[in-house]
Amino acid sequence: DQQVKQNSPSLSVQEGRISILNCDYTNSMFDYFLWYKKYPAEGPTFLISISSIKDKNEDGRFTVFLNKSAKHLSLHIVPSQPGDSAVYFCAARKSTGNQFYFGTGTSLTVIP
Amino acid sequence: DTGVSQNPRHKITKRGQNVTFRCDPISEHNRLYWYRQTLGQGPEFLTYFQNEAQLEKSRLLSDRFSAERPKGSFSTLEIQRTEQGDSAMYLCASSSKPSWTGELFFGEGSRLTVL
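Quick mapping for you: the protein sequence lines, in order, are chains U and Z. If you're matching positions, the first sequence starts at 1000 in my numbering and goes up one per residue. If you're matching positions, the second sequence starts at 39 in my numbering and goes up one per residue.
Please note that the accuracy of each hint is not assured.
[To be verified] Below are the DSS-like pairs computed for lysine-lysine, each with C-alpha atoms no more than 30 Å apart in a straight line:
id, chain 1, residue 1, chain 2, residue 2
1, Z, K135, U, K1053
2, Z, K95, U, K1004
3, Z, K95, U, K1093
4, U, K1070, U, K1004
Everything labelled a hint here was simulated from the structure, so no lab data went into it.
Using the sequences and the hints given, assemble the complete structure.
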């Protein structure tokens, strides 16, 4: 039962343009969300997070938006750079417990 | 290198054999996690330690799996009587922050192939 879904397996964007990665979740108990980035042959790296009490969190070129009513979050990367090419995972946590539920990932390619 | 270290990086075994993976977290990180990732999927939580105490286990962790962190430093994940369905990347992560932050430092993983 996939509670966190990333329906786009891949995305290609031109350098300098905006990259938008989407994520949907089904469990209304989720109250904390985050994005990880993964390069080949490396472990995932924490990127940015957002609490359910907010609808936006920004960190440099990265902004995460949360729409609780739609159970949807998105990651915006502006401007996109070739070094951003990686697999991006969104993840969510219930208000109780220590585990995060990950999506299946979106492979982003930024074309120079 | 002061990152999370996992060994071995790749293990090939025959069905029915036992395997053990080791994780050395970043020193001073008191929280340690094991996740499993299969092809085309995101990481799935297996278990969580705070210091030497195993505080949470996923129902994915069947009785063939056991994890330990005896002195609150390194951790081992043992799989007994391996099955082909156990083939996956086993990821270890550590953190000094509360688990709710999700800010984990992952190792490069140990890939298990069960023939």
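Hint check:
{"no.": "1", "hint": "Z:K135 x U:K1053", "verdict": "21 Å, holds"}
{"no.": "2", "hint": "Z:K95 x U:K1004", "verdict": "23 Å, holds"}
{"no.": "3", "hint": "Z:K95 x U:K1093", "verdict": "15 Å, holds"}
{"no.": "4", "hint": "U:K1070 x U:K1004", "verdict": "11 Å, holds"}
Every hint, counting from the list given before, is met by this structure.
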